[in-house]
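**Q** Listed below are the residues making up each chain.
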Amino acid sequence: MSDSTSSTPLGAARPFVCAELYTQVQQFYARQMGLLDDGFPDAWADTFTEDAVFQEASRLDEPLRGRDVIRDSSRARKKRLEADGIDFRHWLGMLDVRPEPDGSLRARSYALAMRVPRGGELDIFASVVCHDHLVLVDGTWKVAERDLHHDGSGRDRRG
Amino acid sequence: MSDSTSSTPLGAARPFVCAELYTQVQQFYARQMGLLDDGFPDAWADTFTEDAVFQEASRLDEPLRGRDVIRDSSRARKKRLEADGIDFRHWLGMLDVRPEPDGSLRARSYALAMRVPRGGELDIFASVVCHDHLVLVDGTWKVAERDLHHDGSGRDRRG
Amino acid sequence: MSDSTSSTPLGAARPFVCAELYTQVQQFYARQMGLLDDGFPDAWADTFTEDAVFQEASRLDEPLRGRDVIRDSSRARKKRLEADGIDFRHWLGMLDVRPEPDGSLRARSYALAMRVPRGGELDIFASVVCHDHLVLVDGTWKVAERDLHHDGSGRDRRG
Chain A
1 MSDSTSSTPL GAARPFVCAE LYTQVQQFYA RQMGLLDDGF PDAWADTFTE DAVFQEASRL
61 DEPLRGRDVI RDSSRARKKR LEADGIDFRH WLGMLDVRPE PDGSLRARSY ALAMRVPRGG
121 ELDIFASVVC HDHLVLVDGT WKVAERDLHH DGSGRDRRG
Chain B
1 MSDSTSSTPL GAARPFVCAE LYTQVQQFYA RQMGLLDDGF PDAWADTFTE DAVFQEASRL
61 DEPLRGRDVI RDSSRARKKR LEADGIDFRH WLGMLDVRPE PDGSLRARSY ALAMRVPRGG
121 ELDIFASVVC HDHLVLVDGT WKVAERDLHH DGSGRDRRG
Chain C
1 MSDSTSSTPL GAARPFVCAE LYTQVQQFYA RQMGLLDDGF PDAWADTFTE DAVFQEASRL
61 DEPLRGRDVI RDSSRARKKR LEADGIDFRH WLGMLDVRPE PDGSLRARSY ALAMRVPRGG
121 ELDIFASVVC HDHLVLVDGT WKVAERDLHH DGSGRDRRG
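Chains as they are written, first to last, in our numbering: chain A, 1 to 159; chain B, 1 to 159; chain C, 1 to 159.
Because the hints were derived from the structure by calculation, they are not lab data. All C-beta atoms in this analysis are idealised placements derived from N, C-alpha and C, irrespective of residue type, glycine included. There may be inaccurate statements among the hints.
As the list claims (entries may be wrong) - Take a look, some chain B residues computed to stay more than 12 Å from chain C by CB distance:
1) 20
2) 26
3) 42
4) 49
5) 51
6) 61
7) 69
8) 77
9) 85
10) 96
11) 104
12) 123
13) 151
Stated by the list, open to error - Simulated restraints, written as ranges between beta carbons of each label pair:
14) A:103 / B:21: 47 to 55 Å
15) C:86 / A:85: 42 to 50 Å
16) A:117 / B:125: 18 to 26 Å
17) C:79 / A:65: 51 to 59 Å
18) B:76 / A:65: 27 to 35 Å
Throw the hints in and build the complete structure from the sequences for me.
**A** The structure is reproduced here in structure tokens:
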């Protein structure tokens, strides 16, 4: 929470996670975003839990609720991008990972969204802060909750 | 040091650091930059040693000397950004870490500085090379020295 | 392979590599790109195998074949950049690593290419997908094959 009165954000001093866990989450994001960017909406949807909630306050009126809705949304997105001849890339970085007592993870990262039309110029158009709740399902990390905050949208930020 | 006459930069063949150390530094930067970007100037200043030196040759006439000066500077920065309604993000990446014999670390990274005014467009306006000297203080990594080089400033680069 | 008919990309479920290997490759790229960006074309060329193949379908008519050709190309590149007074940076991120049975690695990453003329503005002008084949030579990772795909070039993408 960005807070003008507090000078000590919660959790600033909590310990770092171990290298194995940190690099697992890095690899998870590289593959997850690769699936979306390379045009595999179904495999992308499978990286979410069945009851996942996908929030993007500045873009979506309502959260996407459930993997089926997420899949439909990303299939439609793929069709639009292909019709428009656009290559799209999502970069995630500046990853911070916080384990919960139940073994799930809270992950915060910065994201950049960019696109290139065929024969056109690169356009890096959005800086986003991504808060995920990651859970293990049959030994595989999946997103149970994603909350995206677009910089410049003027909404409250979450630290 | 960028050097037209030498073709073998010092240290190109030195060994990599172990995963635990590397991911600790990655996590340190994710949190440190998050504190600055999310508006916690005091917690940000606490990630520097008391006698830290902050150099930014192309922007600062004089280095910032000491945590108190760094804190004052980042408090003033926060006020300016809030008055202007600007979201600011610092990305660090391309991290290289070199241990010193005394257990401290020399870290080199690339940084991108970007801002989004409320309702406005993303502006990624600076590419910076960051050289840090990191020291352990009571078990916590802190920046003892930071040297920022802005690409395009025409000053000598440090490799 | 981006494929409109398939919804299950090969290898999406393969296991992650261990932290030591993943962070070694991260460090390899930070140093390799640093050598190129800081103006060490010979040391850069030494990060390729003697018979390395460097492909950039949308920019090069023919692949560069062999370390000597790669060295000549990067020496010429350095002269052009210095004559033009341009700082150049390559960011790699979103790294995915896949071990081959023979111990070599297939690495996929996203790359951003950017430049800043002296006293000028940052221009992040290319989003590229980088597929490398990395092999150990005397205990050191080297690039045996690099295949760069520029987004927006309209060529088939490789997943």
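**Q** It remains to establish, for every hint, whether it holds in the given structure.
**A** Taking the hints in turn, this is what the structure says about them:
A Cβ of chain C approaches the Cβ of residue 20 of chain B within 12 Å, the least distance being about 8 Å, so the stated non-interface status is violated. At the 12 Å boundary, the C-beta of residue 26 of chain B falls inside the reach of chain C, the nearest C-beta of that chain being 9 Å off. Chain C leaves residue 42 of chain B outside its interface by the beta-carbon criterion, the shortest separation being 30 Å against a cut-off of 12 Å. The claim that residue 49 of chain B lies off the interface holds: its Cβ sits roughly 25 Å from the closest Cβ of chain C, which is beyond the 12 Å cut-off.
Residue 51 of chain B, annotated as away from the interface, keeps every beta carbon of chain C farther than 12 Å; the closest lies near 29 Å. With a closest Cβ-Cβ approach of about 18 Å to chain C, residue 61 of chain B is found to remain outside the 12 Å limit, as its non-interface label requires. At roughly 28 Å from the closest C-beta of chain C, the C-beta of residue 69 of chain B stays outside 12 Å, upholding its exclusion from the interface. The non-interface label for residue 77 of chain B is consistent with chain C: the shortest C-beta to C-beta separation is roughly 20 Å, beyond 12 Å.
Non-interface call for residue 85 of chain B relative to chain C: holds, since the shortest CB-CB distance, roughly 22 Å, exceeds 12 Å. Listed as a non-interface residue, residue 96 of chain B fails to keep its Cβ farther than 12 Å from every Cβ of chain C; the least gap is roughly 4 Å. Its beta-carbon lying about 18 Å from the closest one in chain C, residue 104 of chain B satisfies the requirement of being farther than 12 Å from that chain. Here residue 123 of chain B does not stay apart from chain C, with its beta-carbon only about 9 Å from theirs, under the 12 Å limit.
Remark: the non-interface label on residue 151 of chain B conflicts with the geometry, its nearest Cβ contact in chain C lying 4 Å away (cut-off 12 Å). Against the hinted window of 47 to 55 Å, the Cβ-Cβ separation of residue 103 of chain A and residue 21 of chain B comes to about 25 Å, which falls outside the hint. Between residue 86 of chain C and residue 85 of chain A the Cβ separation comes to about 30 Å, which falls outside the hinted range of 42 to 50 Å. Residue 117 of chain A and residue 125 of chain B have their C-beta atoms about 23 Å apart, which keeps the hinted 18 to 26 Å range intact.
Taking the beta carbon of each, residue 79 of chain C and residue 65 of chain A are about 57 Å apart, inside 51 to 59 Å as hinted. Roughly 44 Å separates the CB atoms of residue 76 of chain B and residue 65 of chain A, a value that falls outside the hinted 27 to 35 Å.
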